[in-house]
Amino acid sequence: MKTTHFSWLFLTLLFQISLLCVLASGQCLESQRNLLLQFKQSSTFDSSLSTKLVQWNQTTEDCCNWQGVTCNKTTGHVIGLDLNNEGITSEINSSSTLFRLQFLGRLNLASNSFNGTEIPSGLFNLTSLVYLNLSNSFSGQVPNVFSRMEKLVVLDLSYSYSLKIETPKLSIILQNLTQLAELYLDTVNMSSQGSDWSRAISSSLPNLRILSLTNCQITGPIDPSFGKLQFLSVIKLDGNNLNSPFPESFANLSSLTFLSLHSCNFSGVFPKRIFQIQTLQTLRVSYNELLKGSLPEFPRNGSLRELFLYNTNFSGGIPGSIGDLAMLYEIDFSQSNFSGRIPQSMANLTQLVRLSFAYNKFSGIIPPFGKSKNLTYIDLSNNQLSGPIPSTHFEGIDNLVHIDLSFNLFNGSIPSSLFAFPSLQNFLLHFNHFDGLLSNFSSASSSQLETLTLSSNKLNGPIPASIFDLKKLKSLSVSYNNLSGTLQLERFQKLENLYSLDLSHNRLSITTSLNNSNTSLLPEPYVLPKLSSLDLHSNHLTGKIPIPPDIYDYADYSSNNFSSSIPPDIGYNISAAYFFSASRNNLTGTIPESICNAVNLVVLDLSNNIFRGKIPPCLLQKGKVLEVLNLGNNNLTGNISGTFVKECGPRNHWPNLQIIDIASNQFTDKVPQNWFVNWTGMMDGKNDAQLKVDYLSTSENYLDTVTVTVKGLQIELVKILTIFNTIDISNNMLEGDVPAMFGQLRWLRLLNLSHNAFTNSIPASLGNLKQLEALDMSVNKLGGTIPTELASLNFLSFLNLSYNQLTGRIPTASQFYTFEEGSFRGNKGLCGNPLNISCVEAERKPSSGSEYEQYSSDKIQWEMISAEIGFSVGLGIVVMPLFFYTRWRRYYYEHVDRALSKILHILSQERRNQGQRRGNGTQARRGRM
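Throughout, our numbering is defined as the position within the sequence shown, counted from one, plus 1018.
Treat the hints with care, since some could be wrong.
[What the hints assert, rightly or not] Taking lysine to any residue and the SDA-like style, the derived pairs with C-alpha atoms no more than 20 Å apart in a straight line are:
hint, residue 1, residue 2
1, K1169, Q1197
2, K1492, K1512
3, K1489, S1502
[Said to hold, decoys possible] Label-pair distances were calculated between CB atoms; the ranges are:
hint, residue 1, residue 2, range
4, S1243, Q1466, 48 to 56 Å
5, N1075, E1266, 53 to 61 Å
6, T1825, G1607, 28 to 36 Å
7, G1479, E1839, 50 to 58 Å
8, G1430, M1751, 31 to 39 Å
9, D1080, S1221, 26 to 34 Å
10, E1611, T1825, 18 to 26 Å
11, S1065, T1115, 15 to 23 Å
12, T1698, K1548, 46 to 54 Å
13, P1161, T1698, 49 to 57 Å
14, T1145, G1338, 27 to 35 Å
15, N1331, P1186, 34 to 42 Å
These aren't lab readings, by the way, just hints derived from the structure by calculation.
Since the structure is predicted, the reported quantities are computational estimates derived from the model, not experimental observations.
Think of the CB as a built atom: it goes at the ideal place given N, C-alpha and C, for glycine as much as any other residue.
Put together the whole structure using the sequences plus the hints.
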């Protein structure tokens, strides 16, 4: 017995020694190693990307030590293979040695490019798989290769953009995967599944915990059985057009922690019970514009950490219980319909990092955020928030990077402490009622501030000197305030990172220490840094125009008192700019030829100055993208035929032109018949959908204004729509025939040829201008009859043909009944309504020369503003952009109200002047009697 026992112990010890020897010599079985080497040899891969395959070689016998390989330590079988992002480009066919690794439990082939092949059917042999990741690798139809993988827990086919599930259906593919806990099919095309996908998942995957089906082209409604998946914790369905009411069944998912349904086109009412799921940490239902809902009382000590409801139709107020969500760190309710006051209890959200309530209807004062020490981002813009901002409200938030309080009703002074945050980069306070002096910036030299917008407030006094110590400042806007005092422009040279500067609509004057003899003049143009955009318009600036070395986008010097000539090299400084305006100044000299180097100009406005000489011919040759050219009200001269056609050819200029104004200059000669042959921007129209939002530029900072003459009034158009196609060549010395080719500009809205010397008849081709709303041909020498074709212009709501030599009957069409007598007076041969002169019985008396001369020496009185042009232009310029374009709404209140008040003031002044002239005329007649 003892001998037997000893023998047994000896054999056991011998076995253990043998096992240790095996383990010491390597765990990898030779058969497994050979299969891996054969797979490598049959694969084509990028050795510069590979970190695993590239290191497999025969000299390293233990394959279990190879990168990406995991072995069973006892048996030596390969049980895990991770070849993620190895740059494999060759096809994996069903006979690959990879599928002979029958003990594989984990396989990751993600982010390779298997030569556009389908998922290989050889996977059918890997019945031990628990984890399978084929994401971003294969294409084609997903085959039914998973039916024998009954142990599979994780299946990831996501982000293979050419994969689709069509035949077999999803229900067949998933039918035996009862242990599956995680399913990732993001971007797999499942459009053919309709709404059956939800029933297939809920009936086949009872243990599902994570479901990710973003951008799969699935539709709704979601089957109510979804609510029975008791283990379901994460749902991601973003970017699918489910187009159905929000599923009530989601409120039954008691294990839910993450719910993301971004951009799913849900409608109906969002179930309040979902907010009260105790386990819920993330809720994202943003960009569901038709989804209604309101916030309930939140559970005490709830788990919510992220709450995204932006761009939905949620409404009502925020309950005070939101302050009980102690774990909440990101909340975004922007672009919804919330209203009421922001609860003061939000001051208790100590974990808050990001907060956005922009574009709602919140009112009242804001809560203090001093306890939220981790707060980095605050956006409360575009609400109705009011009151002063106490300096203590943001005290101690040293990580704050972004503050946006713009477009509200805040008042009082701006606390200097708001400029002292050590990490602050963006500070936006524009469009409020802040007043008082602008405080100095403490610690300006160490400030991280990059964007500062204080425009459209009531700030006064000088710009503080410390602003020039903000070394990292990139964008500064203080426009539309009452800032005054002298401005030393050379100080901006210290701001080496500045690319956008807007000082417009203040009462600033300029000075420079470089010029001691006259502090109102600039000795050199280059006193500013390189800028992307520069806006100095509507100030009291005088002297030379300060042109930076480069302006990349936008420059506006209009409405000042600059009195120099334009620097001869201006074109090189604005060679990349799309907008340049120096209108309404006292600029002299000629337009320099270098302007032709500004080949990207979309808008060029030099109107209302004292420029003389000719338009540079090269401007006509190189202005390929020009859409607005305004040179009106100068002293420019030249033969219009030679200037616009002979020197550059009829087909070389302005294919995109929308507005041209060369009125009130001294151009002579006949208007060339083929001048307009290449103005396709006025010939080729756009459909209604395009017109709603089609602007002359899509730049975020495009705040341009262009002044055009409409009904005798100079109107400043802000953010011009391309539907406002305009030609104004009035008040020159032009003669000859009115070009018949005007009739080809079928999208023209306003045509002003008045105060010239045009002769012969009105072209019948003008009847083709079906979009024309205003036509002025007054004070010329036009003869013949009024073409009946003009009666077909249904949008024509203003017409002035007065003081010509027209004859015959005024057309009797209903359109002409809307025009008053002033539209036709001064034509001794005209008869019929509205002149109340019978064409049969009455003999008209010739108009006296003195009457004609008196009229032609005055500015035209446009007395009638009809409902049609008010509706058409008003809808196109104001209402449609307000409805369809968010940014337009922001500018409406400031710009349109100002423009309307200006127009009304001019109209009332014109009426007073007209009444005074009539009164003087009556007294004179009485004196003669």
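Consistency of the hints with the structure:
Note on K1169 and Q1197: the hinted pairing holds, with a Cα-Cα distance of about 6 Å set against a maximum of 20 Å. Restraint check for K1492 and K1512: the C-alpha separation of about 12 Å stays at or below 20 Å, so the hint holds. Taking the CA atoms of K1489 and S1502, the gap is near 23 Å; set against the 20 Å cutoff, the hint is violated. For the pair S1243 and Q1466, the beta carbons lie near 53 Å from each other, so the given range of 48 to 56 Å is met.
Checked against the given bound of 53 to 61 Å, the beta carbons of N1075 and E1266, roughly 59 Å apart, stay inside it. Here the CB-CB span from T1825 to G1607 is close to 46 Å, at odds with the stated 28 to 36 Å. With their beta carbons about 54 Å apart, G1479 and E1839 fall inside the hinted range of 50 to 58 Å. The hint said 31 to 39 Å for the Cβ distance between G1430 and M1751, and at roughly 58 Å that hint is violated.
Under the hint 26 to 34 Å, the C-beta atoms of D1080 and S1221, about 46 Å apart, miss the expected range. Against the hinted window of 18 to 26 Å, the Cβ-Cβ separation of E1611 and T1825 comes to about 47 Å, which falls outside the hint. Checked against the given bound of 15 to 23 Å, the beta carbons of S1065 and T1115, roughly 20 Å apart, stay inside it. Restraint check, T1698 to K1548: a C-beta distance of roughly 35 Å breaks the suggested window 46 to 54 Å.
Roughly 54 Å separates the CB atoms of P1161 and T1698, a value that falls within the hinted 49 to 57 Å. Take T1145 and G1338: their Cβ atoms lie about 57 Å apart, and the range 27 to 35 Å is violated. Checked against the given bound of 34 to 42 Å, the beta carbons of N1331 and P1186, roughly 39 Å apart, stay inside it.
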